[in-house]
Amino acid sequence: MRRTGLFAVALVAALTAVLLFLILPVVAIFVDAGPGELIRSLGEPASREALWLSLKTTVAALIIIVAVGTPAAYLLATREFRGKAAIVTAIELPLVLPPAAAGIGLLAAFGPKGILGEPLADAGIELALQTAGVVVALTFVAAPFYLRQAQAAFAAVDPSLLDAARTLGASEARAFARVAIPCAAPGLVTGGALAWGRALGEFGATLMFAGSFEGITQTAPLAIFAQFSRDFPAALALSAVLVAVSGALLLSVKLLGRTQLLGGAQA
Amino acid sequence: MRVALVLALALTLSALAGCDGDSGGDDGSAGDRLVVSAAASLEPAFTAYAEATGIDAKQSFAGSDDLAAQIRQGVTPDVYAAANTSLPDDLYRDDLVDEPVVFATNTLVLAVPADSDTGVDSVDDLAGNGVTLAIGDEGVPVGDYTREVLGRLGAPQADAILANVRSEEPDVGGIVGKLTQGAVDAGFVYATDVVATDGALEAIDLPPRLQPDVAYGAAVVEGAENPEGAEDFIDGLLAGDGQRALEDAGFGPPPAA
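Chain order of the listed sequences is A and B.
Per the numbering used here, numbering of the first sequence is gapless, rising by one per residue and ending at 1018.
Per the numbering used here, numbering of the second sequence is gapless, rising by one per residue and ending at 258.
Among the hints, a few may not be true.
Stated by the list, open to error - Here are the computed lysine to any residue pairs in the SDA-like style, where the Cα-Cα straight-line distance is at most 25 Å:
| # | chain 1 | residue 1 | chain 2 | residue 2 |
| --- | --- | --- | --- | --- |
| 1 | B | K59 | A | P850 |
| 2 | A | K864 | B | I205 |
| 3 | B | K59 | B | A49 |
| 4 | B | K59 | A | A851 |
| 5 | A | K807 | A | L789 |
| 6 | A | K1005 | A | L993 |
| 7 | B | K59 | A | F976 |
| 8 | A | K864 | B | D199 |
| 9 | A | K1005 | A | F781 |
| 10 | A | K864 | B | N130 |
| 11 | A | K864 | A | A874 |
| 12 | A | K807 | A | A797 |
| 13 | A | K807 | A | V819 |
| 14 | A | K864 | B | T198 |
| 15 | A | K864 | B | A128 |
| 16 | A | K1005 | A | V994 |
| 17 | A | K864 | B | V166 |
| 18 | A | K807 | A | L993 |
| 19 | A | K864 | B | S123 |
| 20 | A | K835 | A | F927 |
| 21 | B | K59 | B | Y93 |
| 22 | A | K807 | B | A164 |
| 23 | B | K59 | B | G75 |
| 24 | A | K864 | B | A115 |
| 25 | B | K59 | A | G955 |
| 26 | A | K864 | B | V196 |
| 27 | A | K864 | B | G120 |
Stated by the list, open to error - Where chain A lies over chain B, by a calculated footprint (3+ residues, C-beta under 8 Å):
| # | segment |
| --- | --- |
| 28 | 138-147 |
| 29 | 181-195 |
If you are wondering where the hints come from, they were derived from the structure by calculation, not from laboratory data.
Glycine included, C-beta positions come from ideal geometry on N, C-alpha and C.
Next comes chain A alone, as it looks inside the complex (with noise of 0.2 Å):
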């Protein structure tokens, strides 16, 4: 009995240390500069940039991200051949590179003095400091939060499905269209909006791939660097609409998960 009890509080505890340091640097932001302060930080032709081409450079990855990587979490997921877990391993890596180790992969791979930059170049495409480069980087980063969801999404449609849709005549691609994707749709706006969160924050891959420019590359996180030494109030009135929009997007996602549990349930 008194060994439970102790054991509970222990427990409590625990749980306690986990919630104070997880949620107090995200309240200090708020806390730190009073609300007036951070209207006023947001006015900032700067700031408002910032915000306006992270949110560009974010949707445009998610769009990349969703239209190449739909068709190809299907095929994972619906298809068994050699080689296919060292694909999925290597297709995850991104999720656990660290950001910097990600700027110089993209900078030896598409840099102007990369294996792919000669080629690039003669095509007339330039990546590097360049709006197009943020895109490729947040697309890096952010791919593997949407095809892991989506793979797992398009798993768990039963195929029972998919075989009756083929039985009626329906072409792969109709089957596809028509029956896997709204069966998986909770799934993959799950993983988009997952994948929108990570590009969103992205920090270090951009910095060093595509640098730093008001307007051009400098998206609200690189901003927030930039701003920190010059102007701390508006460094945490942009850090507070990030903390905004990942909440909005995570609580977006606990709910579509709430109702792809019910619509299990039903079905």
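Since chain A is already given, all that's left is putting chain B on it; use the hints.
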């Protein structure tokens, strides 16, 4: 249950506080552990200095302005060394560091990748069509010196050059990286940065009328855990191992006051 919660909280906090106290004690017993926040351009010289003296120095190198902003947020390294004198002077005025000393000078140069023919041979070439540049961000010393140079060129030429800027980097290391990767044709960095690249970059001297006065200031940080070590470290920059390391890295002596 509520008692348990309060107890848990108290336990946690005391554990955390105890942890903090312990690490402080360890630092104290180690004795000469020195924490240094220094401008990115000082990295080769300060690393060599610490090796030469065997000081147990934990050095972090970044843009001087970011390090100053950290000190304003309550971070207390023992030594703060900046690539200008205004940042340490401002901190001194706000009682955040002791009186700074000027310990070295440097020169601003135009750097180009050594192996590629970018067609940039002087500042006059920077305004050309298709030339790309990386410079320091505003507020970073190297960025402010660069803007000083551009200011002396006059508005039309300065504007044309700024229009060719592709990246405004948070510290000089970022500019060097963009140059060695061939992502830009040219950039303004310190002469010592070019020396440190071992031939990867080539320095183009600026005409004397454009050369800004680049002086480095250092100070003991208010509330430093190892103020004696910090003072010794700064003294060594003026005469001794630090001074030699700076000279080897290509820094100039402080201006005779």
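Next item on the list: Compare the structure with the hints numbered earlier in the document and write down the numbers of the violated ones, lowest to highest.
Entry: none
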